[in-house]
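**Q** Build the full structure now, drawing on both the sequences and the hints.
Protein chains: 2
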Amino acid sequence: MWGFELRRDIEIPLKRQIYLEIKEQIVAGRLRAGEALPSTRQLAEELKVSRNTVNEAFDMLLAEGFVVSRQGSPTRIADGAAVHTEKKEMPRQREHQGVSFLVDFRTGQPDLRSFPKYLWQQISIKASREMPDDMLGYTGPQGLPSLRYEISSWLYRSKGLAVDPLDIFITAGATHALSVIAHLLYQPEQAIIVEDPTNIEMLQSFINKGYDVKRVPVDECGLITDKLPSNSGPIYVTPSHQFPLGGILPADRRAALIRFARGQGSYIVEDDYDSEFRYDGDPVSPLYAMDPNRVIYIGTFSKVLFPALRIGYVILPHCLQKRWRYLRTHTDVQNPPFEQAALAEFLRTRKFDRHIRNMRKLYRERRQALMTALKRSFGDRWHPWGDAAGLHLAIEFENMRFDSSFKDKCRSNRIRITPVEYHAIAKGFHANKLLFGYGHLEPQQIEEGVAALKAFLLAQGYMPSARQVPL
Amino acid sequence: MWGFELRRDIEIPLKRQIYLEIKEQIVAGRLRAGEALPSTRQLAEELKVSRNTVNEAFDMLLAEGFVVSRQGSPTRIADGAAVHTEKKEMPRQREHQGVSFLVDFRTGQPDLRSFPKYLWQQISIKASREMPDDMLGYTGPQGLPSLRYEISSWLYRSKGLAVDPLDIFITAGATHALSVIAHLLYQPEQAIIVEDPTNIEMLQSFINKGYDVKRVPVDECGLITDKLPSNSGPIYVTPSHQFPLGGILPADRRAALIRFARGQGSYIVEDDYDSEFRYDGDPVSPLYAMDPNRVIYIGTFSKVLFPALRIGYVILPHCLQKRWRYLRTHTDVQNPPFEQAALAEFLRTRKFDRHIRNMRKLYRERRQALMTALKRSFGDRWHPWGDAAGLHLAIEFENMRFDSSFKDKCRSNRIRITPVEYHAIAKGFHANKLLFGYGHLEPQQIEEGVAALKAFLLAQGYMPSARQVPL
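Chains as they are written, first to last, in this note's numbering: chain A, 863 to 1333; chain B, 863 to 1333.
These aren't lab readings, by the way, just hints derived from the structure by calculation. Misleading hints may appear alongside valid ones.
Note: identical chains are not told apart, hence a pair may lie in one copy or across any two.
Claimed, not checked - DSSO-like, lysine-lysine: derived pairs with alpha carbons at most 27 angstroms apart:
hint, residue 1, residue 2
1, Lys1271, Lys1184
2, Lys1184, Lys1071
3, Lys1213, Lys988
4, Lys1184, Lys1269
5, Lys1271, Lys910
6, Lys988, Lys1269
Remember, it's a predicted structure, so these values are computed and weren't measured experimentally.
**A** Okay, structure coming up:
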């Protein structure tokens, strides 16, 4: 009856196998309360192991209260340790398999092949070698001082922005920043004011926290500040390159937005997700520069380096900093130090600046390739929205409409493309626009992708065929 | 009047200096709406730069709407771009300087000097070299499959626990896991049931999310299951090594806890924060093994490797997995892949197992050193609580009381030690106990620390001096 099999071909020690077997029988109720276990000598013989091995297994059972032992009596099964076994719920699903897209115009995806991976490795190794032991411990919720110093220096030389490193807080990317900010600024019954359309994925951080959402429409210049609703909470904006339509918020609206926030005592959350890549001139200056007391600035390295880095930062007004530290300490504690130290070195040695210059050139060419391909496939029945910047382009098509179902319909044809409607809160205003992410695509992929999209649009009746309306 | 100084000794390009200077004057209202800018030729001469440089600065101002330009007219300042400048709030605080402790018995701190840093570096470098390009992009909220496979394999060989890698979700440590779980299980008006005392820092995740807290007292065996309150929500427990008192939850209470959770349809959150280090036998088996449908298991590598790694994991019942993926995607997206790949390799090559063995030996010696030092300083007027495990020890002292203010009083004497009262919800039941974290201390530091603590207790009147009550 005790003769269960021990396996000598697996890594579980014999004593643990004995312990697990007996424990399982107790929990399942096959060994009943009060029942005596065999003596260790007897079981050792039966299982062909040393008596010591059985002793260790019994000690474990004793320590965890599965058995009780009294001087001079045999070891017995303890009371109340059985639990009726429930069936493991539902069959397992298999590891999630992504669709393999033939055409992939997803937005926000930098070119990973062009990242100087070898150089990054060298810098990582150096940073890791030079890292003092105590940085393996908890180093605080604000992030490494060296990285904050280098970010401050970069903001100064690239944007002329003077920021004290003490006001910079490292995050695990922009989404993470927004999720902490949603907690930081939360007041019950308060709404968040957002651009419409906006990045609908990012908006989830506020919705999950329980904010109401008040939409303000967007035109080719970004947020229409005349339509800001009063008695609301914080304002989430993308003034350098409106997502997804691409406008640069002009100076008068910037001033109006700041006056509005001051008037109602609320904060502006400025998401500067891809302003490094501007093709007709220098990066746009952050709104932050106009009022550091009122604007929370979010920067990220996901787009300029690579998403898996998981490093971004916020610049915080002073009176929010203590609460930020508390929140970070009690959610995810801190970033790991290795990537932070490597990034600090990448910035310090100006390899970062060179990478940005290279990528700006590359992305500009790809943007041009996209415009050329669109011209070839769609003639002049389309026009681009927004400033020449970033990794995607919003295109308005004449006499076409792409509703929310369009994305899924494309997906089932292995085409990945997002209509602006997907990011719209009030539907129907931007149904004639599609978003083309081009940063991660070679010119030839762009050209083939646009041609494939045209064929799909024709086949599905989205655009009139050439025979009906000659181009 | 236009003659501002350009600086040729800084990294900000001249065109950006010109743009910033003019912009600042517009925002501050020193250049007024409608006023004409000088011609680019005139300004170029005055500033001794090329006309092209000035053109580029003007283009920036134009793109951002600070100036307007009409064919044939001079460039003029736009309307409404001025904002009254507010003073930057409050003087800066200096970079936070931690107290330098003479005696540091903090809990949960592994020995960082003993970590095989060089070996880890070699493995990190290998993992990074072998990493495919697409892992620099977004790789999903669940964590690298290779790491989940290796964790599953480790759980099997070390605890005999059979877990499908598909049920394992990588987190940024245990605190992060708990903060996602707090969202995952939240229902309005619902309470979280916790052990009292419990880890008061970890509890913040639930409090921040808005849970009520219902306490259940703890004895030397952990949670007293007879006192579980009905009609509550999830239960947060540390059954393998109760924090902070150290008990192992016995089999009958484990069974009672599972029946209780089933009865009220709630989940058990099992925090297995340091069970690898058990000195009198094998690690205790997780509660999870008794009901994988009902228990969420939290594991962490912060204590067994090093805190800055920021990797932990949860094992989730199937029906919570979809919501987990959504929550993770919209809070901090994912872990960086580098540490994950390195850890997978560290586990695969069994360097991990060897490290655990080495550390268990080291910590056992330190625990013994602590007991010896206590004996030397306090005779037999103390006794240890709980199982011989982990990185800290709860000590009960005869005729002494340490209230909540004790921690700060010690701190101002450069002694770091936590009374159990600090972690208590209902105060007064454990006022005679202190927590000694010993994992990070050399035996000599432990001995000196205990002696210094005794001197402090005597000087402050916490313990009667030897003259009053001879030992």
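**Q** Each hint needs a verdict: does it hold in this structure or not?
**A** Outcome of the hint check:
Taking CA atoms no more than 27 angstroms apart as the test, Lys1271 paired with Lys1184 passes between copies only; the shortest distance there is 23 angstroms, against 47 angstroms inside one copy. Taking the shortest alpha-carbon separations for Lys1184 and Lys1071, both the intra-copy value of 20 angstroms and the inter-copy value of 19 angstroms come in at or below 27 angstroms. When the C-alpha separation of Lys1213 and Lys988 is checked against a cutoff of 27 angstroms, the pair qualifies both within a copy, at 14 angstroms, and between copies, at 23 angstroms. For the identical chains of this complex, Lys1184 and Lys1269 are inter-copy neighbours only, at 21 angstroms across copies versus 42 angstroms inside a copy, given an alpha-carbon limit of 27 angstroms.
Proximity of Lys1271 to Lys910 under the C-alpha cut-off of 27 angstroms is found in neither arrangement, the shortest distances being 64 angstroms within a copy and 59 angstroms between copies. For the identical chains of this complex, Lys988 and Lys1269 are neighbours neither inside a copy (45 angstroms) nor across copies (40 angstroms), given an alpha-carbon limit of 27 angstroms.
The structure shown violates the earlier hints numbered 5 and 6.
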